[in-house]
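Undergrad: Model the full assembly from the supplied sequences, consistent with the hints where possible.
Protein chains: 2
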Amino acid sequence: MFYLYFYFVMEGKWSDVINEEMRRLGAKRSVIRELFEYGRTRKVEIGAENVFDFSLGNPAVPSPSIVTETLMRLLSDCEPTALHAYTSAPGDATVREAIASYLRRTYGADVHADCLYLTAGAAASLTVSLTAILNPDDEVILLAPYFPEYRVFVERTGAKVVSVLSDTQTFQPNFEALEAAITRKTAAIIVNSPNNPTGAVLTEENASRLAALLTRASERIGRPIYLVSDEPYRELIYDGVRVPFLTNHYRNTLVCYSFSKSLSLPGERIGYVLVSPHAENFTALYQAVCGAGRALGFVCAPSLFQYLIPSVLGVTSDLTVYDENRRLLYGALTEYGFDVVPPDGAFYLFLRAPSGDANEFCELAKRREILLVPSDDFGCAGFARLAYCVSRDQVERSLPAFCALAADCGLQPK
Amino acid sequence: MFYLYFYFVMEGKWSDVINEEMRRLGAKRSVIRELFEYGRTRKVEIGAENVFDFSLGNPAVPSPSIVTETLMRLLSDCEPTALHAYTSAPGDATVREAIASYLRRTYGADVHADCLYLTAGAAASLTVSLTAILNPDDEVILLAPYFPEYRVFVERTGAKVVSVLSDTQTFQPNFEALEAAITRKTAAIIVNSPNNPTGAVLTEENASRLAALLTRASERIGRPIYLVSDEPYRELIYDGVRVPFLTNHYRNTLVCYSFSKSLSLPGERIGYVLVSPHAENFTALYQAVCGAGRALGFVCAPSLFQYLIPSVLGVTSDLTVYDENRRLLYGALTEYGFDVVPPDGAFYLFLRAPSGDANEFCELAKRREILLVPSDDFGCAGFARLAYCVSRDQVERSLPAFCALAADCGLQPK
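Residue numbers (our numbering), protein chains in the order written: chain A, 84 to 497; chain B, 84 to 497.
Everything labelled a hint here was simulated from the structure, so no lab data went into it.
Since the structure is predicted, the reported quantities are computational estimates derived from the model, not experimental observations.
Please note that the accuracy of each hint is not assured.
Identical copies go unnamed one by one, so any copy, or any two together, can satisfy a pair.
As the list claims (entries may be wrong) - Result set (DMTMM-like, lysine to aspartate or glutamate): computed pairs, CA atoms no more than 25 Å apart in a straight line: (1) 126 x 197; (2) 111 x 180; (3) 268 x 363; (4) 126 x 180.
TA: Pasting the structure below:
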C-alpha cells in the first residue's frame, strides 16, 4: 500500500522533479526539424528524387578541398598531445591573432586577439554572449522574422523577448517600431544579416541609422544597449552586395560568427564571439563572456578545428552553386506568379503565402512534395522559407511542382 | 555636462548592465588554471626542465595511433557534406548504437541507443544533465573533495550546493553524513569515480550501499534523487580495480562520460550523457536532457569526432606510463614521510599537508619548483593534489625536490 502510494506520487509529478521548461523544449521539436524528419520518411516512401526538401539550412556544397587537406596535414604533422590538448579557454592565442589580423585586413576593424573568444559554433556564440549580458527581467529585441532558436536562447537566461516586425517589403528594420519598443529594460538587440529566413542584408545606410538610434536610446535609458550580431552567413552574398561590419558602426557590439555555413562544416561546431574593444566596460564584458563559456560547460572550442582556422580565413565553399540556385528559383517562382523577397545573401528565399496563411500554403506545397517552413515560428505570419542550399538537380526537378503549386494557389503566371 | 554625467553613470554601473556573476567567474581564474599559468612563466624564467609542474590534468601520453588513423580514413573516404553535416541533436544514431552495444557487452548494462545523448565533453555532459534536472532552490549534494567546476555548474542553474566530506582516510563516502544532508529539496548527488582529486574508486560494496541509501531517501522525501555519475576517468584504473557501473545499481542514474582522458583528447570535446532507461519518467527526463542541450546552444556534438567513436570504444592511451608514474611517486613520497592516499585510478595523488595547511604546503612546494594544487577549492582542507599525467622524466627529475620538501616540512623518512 505504501509502495503503491509512493509510485503514484513519484510517477505522477515528474514536472516537479525535473526542469519542466527543458522537458518541453526537448519534447517539442522545432518546426524545421519536424519537417526534416517528415522529409526523411517521405523519401523512403516515394523515392528521394520525388521529394523536394527545402526545409533545412544544411549546406549541400562540399567544404573546399583546403579544409580536408589542412586537417590531414595537422593530423600527420602535429604531436597528438599538442594537437588534441586543452587550449586556453578563449581559444589558442595564435589562432585568435590570425582571426584578428584577418578582420583588420578585410573590414578595417579595430580588433585584437584578446577581443576574441572561440566557441563551438554560432549557437554557442549566442548563448555565451546572451548569458554574459543578461539578467532576469531584461528585455531583448528581436527583429522579426528571426531564427526561432533566438527565443529559446534569450528565455533560458530569464530575460524576455520583444519582437519588432521588419518592413515586410524590404525586410530592412522598421526604425519607428524599433524606437518605440525600447524601454528602460532593453539590454540587447539581436541582428542577423544576411538574414535567416529572408536572405535580406542590412544596408550600410541602415547600419548607420541603427547605430545612431541605439546610441541615442542608450543615452535616453541610461544603459548601453548591446548589439548582438549573428553572422553565420557573412560570406554568403551575391551580386557584389556588401555586409556592413557592425563594430565599425556601433561600439557596444558583439559579433557571433560561425564557420558552419561558409565552409560547409555545420556539424563541427566552430566559431567565435568578437567583443568590440570599444564597448563600454570592455574588460568586464569580455570577462563575462569567458565566465559564461565556463558556466555553460564549453571549456574550449574543439582544438583540431581551432588549428584549421588560420588556413581557411576568407576561404568559402563554391558559392556559385547557391547563386545559380537562387537565380533559377527566384526567376521561376516570380514567373509562376509568386511574390518573393529579392534575396541578397544566405541561402534562403522568403515567399509570401498567396492566401496570407503560411501553414495552409506549406500544406499545399507538401501535397506537391515540396517541403517549405511556414514563417509563424520566425515571428512573422504569412510567408514560407525555402532553403536553397541543395543540389542544382533538386532545384531543376522541383520547378514543375512549383508551377503546379502556383496553379493550386490560383496564381497567374507573369 | 550632460555627457559627463552620462559617461559617469554608464561607466560606473557595469555591474547592472551585464551579468555580474558571469563577470566574476570570468575574472577569477580557477586555482588550477592560475597555477598552470604561473608554471608557464616560471619555465621561461628558469628552464622547463627545472619546473616540476603537476598542476593540470592534461594527458601527457599521446592518443593511441588508431585515433589518428581513423580520423585520416574518415577524412579521405567520406563525402565532406556527410562527414561534416549536422547530425541529429542527440548524436548520430549509428554511433549511439555502437556505444550502447559496447556498454551492454562490457558492463552488462541494460542500455539502448535512445538512452544516449552525445555531448561536447564531460563539462557539457554535466551542464546539460544538471540543467535538465534542476529547478531554482533545489539542492545538489557534492561529495568532497570534488572537482571545483561542479559548484559553478550547479549554481548557474539557481540550485544550491550541499557539500558532504568523505572519509578522509579512504575517500569513500561518509554515509552517515550523506544521509543527514538529504532534505526535501535534494534533487541530485554528483559522484566522481575514479575521483579527481583523490584517485579513489568507489567500491562495489559502497555503490550498493549508496544505491540503497538513495532509494530509501527518495521514498522518504517523496521525490527521486538523481545520481549524476561523472566518469571521465572510467578506464584509468590500476592493479585490476573495477569501477562499478552505477546504472546497474541505481535506477535514477545519469552517467556523464568523456573520451578526453582515456584517449588523450581533452581539447576535442566529445562525450555523452547516458540516461538509465529504468529512471523514473525516463521519457520526460531524456526529453529534458535534449531540451537542455538545445537551450545551452550545443546543437550536436562535433561530427568528425562522433564518427571516430565506433572505432575506439574500449581503446585507451598507453596507461602503463601513468601506472609507472603512480608507483614511482607513491613509493618515493611515502618513503620520504608524506602521507599519501592510496591511488586506485585517474592520474592524481592526494597528499596530506604535513602542517594541515594546504596553502602553506603548496607554497613550500613552489619554492622547490614543485607545482601542486591546494585542496581548499575541492571542498576539503589540508591536502594537495598532484597530477601525474606527465612524462616519466619529469617524475624522476622531481624526486630530489620532493625529498627536500619533506625535509622542509620536518618529515622523517620511513
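Undergrad: Now, for every hint given, state plainly whether the structure supports it.
TA: Consistency of the hints with the structure:
| no. | hint | result |
| --- | --- | --- |
| 1 | 126 x 197 | between (48 Å within a copy, 23 Å between copies) |
| 2 | 111 x 180 | between (41 Å within a copy, 23 Å between copies) |
| 3 | 268 x 363 | within (18 Å within a copy, 41 Å between copies) |
| 4 | 126 x 180 | between (46 Å within a copy, 23 Å between copies) |
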